[in-house]
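Student: Sequence:
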Amino acid sequence: MPSTSTSTSTFTPSVQSSKPFPASASSLRTPLSSPSPSVSPSSYFSTRAFALHAIPISYALAYPPHLYMFAKLMTATNYAASNLTPRANLERLAPTLSKQTADMLWRARGCHLNALEGFPLFAAAMIAGTYTNLNAKDLNVCAAEYLTARVLYSVLYMTLRSERASYLRTAAYAWSIGVPLYVFWKAGWKLAKGQAQAQA
1 MPSTSTSTST FTPSVQSSKP FPASASSLRT PLSSPSPSVS PSSYFSTRAF
51 ALHAIPISYA LAYPPHLYMF AKLMTATNYA ASNLTPRANL ERLAPTLSKQ
101 TADMLWRARG CHLNALEGFP LFAAAMIAGT YTNLNAKDLN VCAAEYLTAR
151 VLYSVLYMTL RSERASYLRT AAYAWSIGVP LYVFWKAGWK LAKGQAQAQA
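Here the sequence shown stands for residues 1 to 200, numbered as in the UniProt record's numbering.
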């Protein structure tokens with residue numbers, strides 16, 4: 001009968017050196033928490049960053065006329081405007097104001113609403129231009145043109161008093177609408193050309 005030998009092996013856990021817990025903040029640093037490198041103006045405008053940043057800027061430009069309208073309405077009516085039903089304030093209180101004041105507030109409200117109506121078209125155009133890799137300089141120029149047109153439109157809307165001069169405001173509006181439509185046109189053609197080249 002063969003003899004059996006029993007070998008006893010012992011398990012020795014390996015001990016690895018580790019840093020004390022909890023880890024330091026520097027070791028937990030993620031790309032989002034790391035300090036951003038400084039960006040020079042030339043490198044900033046060589047990308048499409050301004051076109052994307054122009055989206056929230058254009059949205060913010062819609063609110064100075066609204067804030068003016070609400071503040072003026074509050075002071076002109078001895079704070080009778082209600083924050084519970086703010087959209088009904090002007091209709092309700094305009095008959096108690098002078099015609100000049102009421103007309104100014106109606107223009108401010110129209111300016112605010114017009115900016116909000118144009119915002120989705122502009123935002124979509126900037127995203128489309130970025131997605132299709134339109135020339136960065138051209139796209140940034142279009143973004144700057146739109147913002148300029150919106151500021152000009154607001155100033156003209158709030159200051160013009162005659163029917164004839166009001167067509168200057170209409171021209172500024174046409175300019176502001178033409179910019180995103182131009183970007184969509186360029187983006188569509190670039191996408192079509194890229195597809196044609198891929199199939200060639």
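In short, the hints are calculated from the structure, not lab data. One or more hints might be untrue.
In silico BS3-like links for lysine-lysine, alpha-carbon gap of 27 Å or less [as the list claims (entries may be wrong)]: (1) K193 with K137; (2) K186 with K137; (3) K72 with K99; (4) K137 with K72.
Student: Hint by hint, note whether the structure agrees.
Tutor: Taking the hints in turn, this is what the structure says about them:
no.	hint	in the structure
1	K193 with K137	holds, 20 Å
2	K186 with K137	holds, 14 Å
3	K72 with K99	holds, 14 Å
4	K137 with K72	violated, 40 Å
In this structure, only the earlier hint numbered 4 is contradicted, and the remaining ones agree with it.
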